[in-house]
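The primary structure of each chain is shown beneath.
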Amino acid sequence: MEQNTRSLQKKIILLCFLPVIVFFLSLFLGRYPISPVDVGHVLLSPFFYPDMQGYELQKSVIVGIRMPRVLLAMLVGAGLAISGAACQGIFKNPLVSPDLLGVSAGAGFGAVLGILLVGNGPLVTMSALFFGIISVVIVFAISRINNTTPILSLVLAGIIVSSIFAALIALVKYVADPYDKLPTIVYWLMGSFAKASYDDLMLVIIPISAGMIILLFLRWRINILSLGDDEASSLGEKPERMRWLIVISVTVIAASAVTVAGIIGWVGLVIPHICRMIMGVDHKLLLPATILIGASFLAAIDIIARTATPAEIPIGILTAIIGAPFFALLLNRMKRGWI
Amino acid sequence: MDMTFEVTDAEFGYGTITLHRVSFSVEPGEILAVLGANGSGKTTLMKCINGIHRWKSGGAFIGGKLFDIQNISRQIGYVPQCHTLTFPYTVSEMVLFGRAPAINLLSMPSGSDREIANRTMKEVGISHLADKSCSEISGGEMQLVLIARALASEPRILLLDEPESHLDFRNQTMLLNLLRNLVDRRKIVCIMNTHYPDHALKISDKTLLLGRKKHIFGKTKEIITRNNLKDYFGVNVELLPFHNGKGEHMNAVVALELVDV
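Just so you know, the protein sequences line up as chains A and B, in that order.
Heads up: the first sequence is residues 502 to 840, going by our numbering.
Heads up: the second sequence is residues 41 to 301, going by our numbering.
Only chain A is shown next, with the shape it has when bound in the complex (with noise of 0.2 Å):
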């Protein structure tokens, strides 16, 4: 057993270094090609050459429009992908992922809507953000039944608030301008970070932090309630106080990351398939996995979301038609007995 939690734990570190690759892949890859040493020289000349002159170009690509887009990336696929891990385990439910509760149905119809309504900044986030939000308090309002919120209601609530709002949405592209705001709504809902800034970091890396910390925290009896309710109050645990916990941390990170990328499916479901067949099925290890193999995955996809083709491909499309076949292919070939 000794060896066995070793061998976990090297694996664990090794996984650390893979956000800090893809990162600085990120950083020089691109349509303006940037050789690794001058990426070197612009991180580094804060510190080493105050005074640098010339790279005035470099710099700007790379602080300016690269760097906010990767970190936001990491941040979302991270974020992502925990909470997928997060609503698996507690749904006892390994198809689950985080758009289940209605909240990207949510928060992509209050994007929508702010669009078609103001065209852009700040009052389209807030719209996403509140509209999340709602769909989960009606989710909430809708599977209360005597007083308790059983599994399968919650899910069956869920399903029909994420209908209920795309049908919304629907209506927004339907009475949308057809040559100025629907195309803006349509690339919107495939996911992007073609717009990122550090504006958008700032206004998410607070939710989606904080969310990420909760669920750390609570990783380990996540384990617990993935056992059924009746064995985990068995093991002095309320299943119900601690679905709500988890619940709301992940709506709040999804809410997020809707607000700033759009939809973008599949990296909550994949990732944490993928981090079981590395780390195992405790969620003590798993959760942290997660983020780092999220972080990597999203961030790499984006590389390729921007310089595959010339023009800009939207990254939901790019985790849909490489996350599917990857998990169809993962599912074949290791059949693990949790499908």
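These are computed hints drawn from the structure, not numbers from a lab.
Given the structure is predicted, the values throughout are model-derived calculations rather than measurements.
Possibly wrong hints are sitting among the right ones.
Said to hold, decoys possible - Among the chain B residues that face chain A by a calculated CB cut under 7 Å, a handful are:
no. : residue
1   : N90
2   : I92
3   : W95
4   : Y118
5   : P120
6   : C122
7   : T126
8   : P128
9   : A140
10  : L146
11  : M148
12  : G151
Said to hold, decoys possible - Restricting the straight-line Cα-Cα distance to at most 35 Å, the calculated cross-link-like pairs of lysine-lysine (DSBU-like) are:
no. : chain 1 : residue 1 : chain 2 : residue 2
13  : A       : K593      : B       : K286
14  : B       : K261      : A       : K739
15  : B       : K105      : A       : K512
16  : A       : K593      : B       : K96
17  : B       : K162      : A       : K739
18  : A       : K674      : B       : K162
19  : B       : K96       : A       : K512
20  : A       : K512      : A       : K593
21  : A       : K739      : B       : K96
22  : A       : K739      : B       : K87
23  : B       : K261      : B       : K96
Ideal Cβ placement from N, Cα and C applies to all residues, glycine included.
Following the hints, position chain B against chain A.
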């Protein structure tokens, strides 16, 4: 210190009353077998003792004091009937979950928690399975894992809900022998639901026989009689006396025809 576990005049029901003024007492080191037809409230009784349901009236006492609902999970180790496995945790992870009642909400299991879990696995005889996944082991082994998990919280009371019902003949015998040994060694109170009068006769000291709006409680040999089994199950039985390996006088139950109740 007197650590007798007592349930006195306890009532519970979903709507209508299923458990009707039930009373019994179990000493540390004793096994109580709870027998009764389907729907007589065996599992309900477990859930009430375990604090999942609240008694409508009456209650559970330990050492004469009202059983503390707040700390219930630290005093009771519960072994469910069978475990549906969503995630294939390893055996050692699963046993460690038994430490949950003793671990602070935001903390992780410590080295000493791991040590207790390891010791419990050894006691139950599953140390060699520690790194195996729970999806790779047999039903009998899984039941041992669940018993180890229940014991890992170092409870005063071990509750088992038909622990032997899904096991084959050999594993049933193994499980019953193990339970008797554990209870003798740890001097804990053990309450076990079962469908088999033979199993009650084999390992239990006392028996609670549950029926519709009635129950009887007493020494196992005095409760499991032809008349009572006919009365509570509607089955005519024959009790066959024999001597076991240690020369003790025992009975085996043979079911004959059904009678109307």
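Here is what the structure says about each hint:
no., hint, result
1, N90, "holds, 5 Å"
2, I92, "holds, 6 Å"
3, W95, "violated, 16 Å"
4, Y118, "holds, 4 Å"
5, P120, "holds, 6 Å"
6, C122, "violated, 11 Å"
7, T126, "holds, 4 Å"
8, P128, "holds, 5 Å"
9, A140, "holds, 4 Å"
10, L146, "holds, 5 Å"
11, M148, "holds, 5 Å"
12, G151, "violated, 11 Å"
13, A/K593 <-> B/K286, "violated, 48 Å"
14, B/K261 <-> A/K739, "violated, 40 Å"
15, B/K105 <-> A/K512, "violated, 51 Å"
16, A/K593 <-> B/K96, "holds, 32 Å"
17, B/K162 <-> A/K739, "holds, 30 Å"
18, A/K674 <-> B/K162, "violated, 64 Å"
19, B/K96 <-> A/K512, "violated, 53 Å"
20, A/K512 <-> A/K593, "holds, 26 Å"
21, A/K739 <-> B/K96, "holds, 21 Å"
22, A/K739 <-> B/K87, "holds, 15 Å"
23, B/K261 <-> B/K96, "holds, 31 Å"
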